[in-house]
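> Chain by chain, the residues run as shown.
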Amino acid sequence: MSFTYPHAGAPALQDVSLSIDSGDVVALLGPSGSGKSTLVRALAGLVPHFHGGRFSGRVLVGGRDTRDVRPSDLAGTVATVFQDPEDQVVMGVVCNEVAFGLENVGAPPLEISERAEEALATVGALHLAGRRTTELSGGELQRVCLASALALRPSLLLLDEPTSQLDPVAAEAFVEAVAGLGVAVVLSEQRVERALAVADRVVFLDAGRVLFDGGLSDGVDWLAVNRPEFVASRDSASHLASASGEPVVQLDDIAFAYSGVPVLDGIDLVVRRGEVVVLEGPNGSGKTTLAKIATGLLTPGRGTVQSRGKACYLTQDPGRYLVKERVDAEVAMGVGGDLGRARAALDRVDLGWAAARHPRDLSSGERERLGLAAVAVGEPDLLVLDEPTRGIDPERKRGLGNWLLEYAADGRGVLVATHDQAFPAHRRVRLGAQEVSLV
Amino acid sequence: MRLGPVPAVLLLGALAATALLADHLATVAAIAAALLVVLMRTGGSRRRPYLFGAFASGLSVLLISPLVAVVGSHVLWSGPILPVIGPIDVTSEEIRIGALAALRLVAVALAFGVYALSLDHDRLLASVGFARRSALAAVLATRLIPTLERDAVGLAEAVRGRGVEVAGVRGRGRLVSPLVSGSLERALNLAEAMEARGFGRPGRTRLPRAGWTNVDRIAVGLAVVVVVAGAVWL
Numbered sequence: 052m053s054f055t056y057p058h059a060g061a062p063a064l065q066d067v068s069l070s071i072d073s074g075d076v077v078a079l080l081g082p083s084g085s086g087k088s089t090l091v092r093a094l095a096g097l098v099p100h101f102h103g104g105r106f107s108g109r110v111l112v113g114g115r116d117t118r119d120v121r122p123s124d125l126a127g128t129v130a131t132v133f134q135d136p137e138d139q140v141v142m143g144v145v146c147n148e149v150a151f152g153l154e155n156v157g158a159p160p161l162e163i164s165e166r167a168e169e170a171l172a173t174v175g176a177l178h179l180a181g182r183r184t185t186e187l188s189g190g191e192l193q194r195v196c197l198a199s200a201l202a203l204r205p206s207l208l209l210l211d212e213p214t215s216q217l218d219p220v221a222a223e224a225f226v227e228a229v230a231g232l233g234v235a236v237v238l239s240e241q242r243v244e245r246a247l248a249v250a251d252r253v254v255f256l257d258a259g260r261v262l263f264d265g266g267l268s269d270g271v272d273w274l275a276v277n278r279p280e281f282v283a284s285r286d287s288a289s290h291l292a293s294a295s296g297e298p299v300v301q302l303d304d305i306a307f308a309y310s311g312v313p314v315l316d317g318i319d320l321v322v323r324r325g326e327v328v329v330l331e332g333p334n335g336s337g338k339t340t341l342a343k344i345a346t347g348l349l350t351p352g353r354g355t356v357q358s359r360g361k362a363c364y365l366t367q368d369p370g371r372y373l374v375k376e377r378v379d380a381e382v383a384m385g386v387g388g389d390l391g392r393a394r395a396a397l398d399r400v401d402l403g404w405a406a407a408r409h410p411r412d413l414s415s416g417e418r419e420r421l422g423l424a425a426v427a428v429g430e431p432d433l434l435v436l437d438e439p440t441r442g443i444d445p446e447r448k449r450g451l452g453n454w455l456l457e458y459a460a461d462g463r464g465v466l467v468a469t470h471d472q473a474f475p476a477h478r479r480v481r482l483g484a485q486e487v488s489l490v
Numbered sequence: 004m005r006l007g008p009v010p011a012v013l014l015l016g017a018l019a020a021t022a023l024l025a026d027h028l029a030t031v032a033a034i035a036a037a038l039l040v041v042l043m044r045t046g047g048s049r050r051r052p053y054l055f056g057a058f059a060s061g062l063s064v065l066l067i068s069p070l071v072a073v074v075g076s077h078v079l080w081s082g083p084i085l086p087v088i089g090p091i092d093v094t095s096e097e098i099r100i101g102a103l104a105a106l107r108l109v110a111v112a113l114a115f116g117v118y119a120l121s122l123d124h125d126r127l128l129a130s131v132g133f134a135r136r137s138a139l140a141a142v143l144a145t146r147l148i149p150t151l152e153r154d155a156v157g158l159a160e161a162v163r164g165r166g167v168e169v170a171g172v173r174g175r176g177r178l179v180s181p182l183v184s185g186s187l188e189r190a191l192n193l194a195e196a197m198e199a200r201g202f203g204r205p206g207r208t209r210l211p212r213a214g215w216t217n218v219d220r221i222a223v224g225l226a227v228v229v230v231v232a233g234a235v236w237l
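Note that the protein sequences, when read in sequence, are chains A and B.
Remember, this note's numbering sits 51 above the position in the first sequence when you count from 1.
Remember, this note's numbering sits 3 above the position in the second sequence when you count from 1.
Among the clues, some could well be false.
What the hints assert, rightly or not - If you only want the chain B side, here are some residues facing chain A, beta carbon under 10 Å, derived: (1) R126; (2) L139; (3) R146; (4) R153; (5) D154; (6) E160; (7) A161; (8) E188; (9) L191; (10) A194; (11) R200; (12) G203; (13) R207.
No wet-lab data here; the hints were simulated from the structure.
No residue lacks a Cβ here, since even glycine has one placed at the ideal position from N, Cα and C.
Just chain A, same shape as in the assembly (with noise of 0.2 Å):
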């Protein structure tokens, strides 16, 4: 099967051949704009039925050819998960969510419930069950999200990056879940040790072609022989030496509340000139305000604040605020419009093939790039990043980790809030205690 997307110069999958089997649980890897998204996008039907473009070859879902039946049609033999949860919620209620998708496929009504609860209960979600959508986190989301696939008892599962928003014990749980379900299940993951913790499977995807299909232990040395960076970020975090620069931002006594819920109190946190420090936590532990709190964006209930120099900030998800219409005038912006900077700024993170293009055309992986382009080109004294590895292939993790420590040797300070345990770092801060496990 090959497919090109519309106005697109190059196909985004070319040549694949695969067969999935019931029980499979394949590990879908590759870099960042590989062609993953949309080898899922294929399974579901949805390539090319909404998206358009030009399709060649086959592909058959149980039997049936996606050419010739609506992507609807198959919901209930396929069951799709995507990237981002809050784009996938039409219901304002977590059980009328889950019921969703059974009512479109006509489940009997005096089942629905039912089965809607138990899958909420397979993800350990089933205490949401009442809760409004727009009050869930991102983790809650994505566990409600895969708890409507699940309800539908598809055949065939495809998980496109399902736990970027979970912590590491939620995510292992997550998958966990997911690989003891006995159906045929598509994990396409940038956490790779985690997808292949679980998987029997692995495929390789890179510039739209299959570059490897094989079991695990054969898809593990291939890796470790031609993507090496892929096995190699399985191993524990980096061990800097610390640095000892004078104080970038000092926080004393912090504390936080949203709405007089209290989220962060009596925190301290020093950034020094020459040293990366990681935020870790699990989910609503306070990584994201105290990192807004050290860059300035928010103003805490007690205790002070003390920065020395300009600290810039990467939001979370940075490809969902994109504000011009040329990717390099969306990295000027933070320079005043000065275009040679921003390009350069674009080829520090292998982005300089796309300055002309629409930001929004680009894939998440590459949005992301984009984002940590347009925070880093006027050079802060503190740049605080917010999950910068999400969506981001292992090789251009490393890479992010070796620049952010060069960064960093030049005189600034870095703070980075992140899940990702094997992030390089000369000194980890962990919030909270919070345990989070599935059912």
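Given the coordinates of chain A, work out where chain B should sit on it, guided by the hints.
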């Protein structure tokens, strides 16, 4: 006992319709005040955009309407004669008409705010026995307002995070276009997810629905009475 979503919508619709039909300033003001009381008891901080939208649009109509209308003989202020628009003067009749139009707009906007914040849209959707696609589109559009507000905050924060100030009407105005682009992208993603979840496929079923209570029936009767009274006596 909690009012069902369909009777609640009918009652709110009746109040909005009565505000549009009634000619007495006091009647429309009373409806707007009643809706304001209900809105202030719901939604918490989420009611801010609805309050802002209602009163900003009402105030605009109140200020502009007397300047562009040409009604009445009791001139309170005479201004210059402008090309195309003509004489700019303000009469007491124009002020009354402007106030009535502004209050009508405020009442309708507040009714929408109450609908958006206090109704269970899932139950409303489940109760609609026909034109379900249109009902779902209306429910999703209702949800667009808080989503837009959240996106606007996120966008402004993302831009400030790059060291770019977002201040004043011009600064915030520059974010409108990307905000709309983002909403369109979000809508496209949602449409794709809905299709993947079987939306639009024939043979749909639905969760068993709760029947109407006496309170629901009384509310529907009240809605009819309010509209008729508004059209005939108020």
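> Could you run down the list of hints and mark each one as holding or not?
Here is how each hint holds up against the structure:
1. R126: Where the cut-off is 10 Å and the nearest Cβ of chain A is about 8 Å from R126 of chain B, the hint holds.
2. L139: holds (8 Å)
3. R146: Holds: closest Cβ of chain A sits about 7 Å from R146 of chain B, inside 10 Å.
4. R153: This interface hint holds because 9 Å falls under the 10 Å limit.
5. D154: Hint holds; D154 of chain B Cβ to chain A Cβ min 7 Å, cut 10 Å.
6. E160: Check passed: Cβ of E160 of chain B comes within 6 Å of chain A, closer than 10 Å.
7. A161: holds (4 Å)
8. E188: holds (6 Å)
9. L191: holds (9 Å)
10. A194: holds (8 Å)
11. R200: Where the cut-off is 10 Å and the nearest Cβ of chain A is about 4 Å from R200 of chain B, the hint holds.
12. G203: holds (5 Å)
13. R207: holds (6 Å)
Comparing the model with each numbered hint stated earlier shows that all of them hold.
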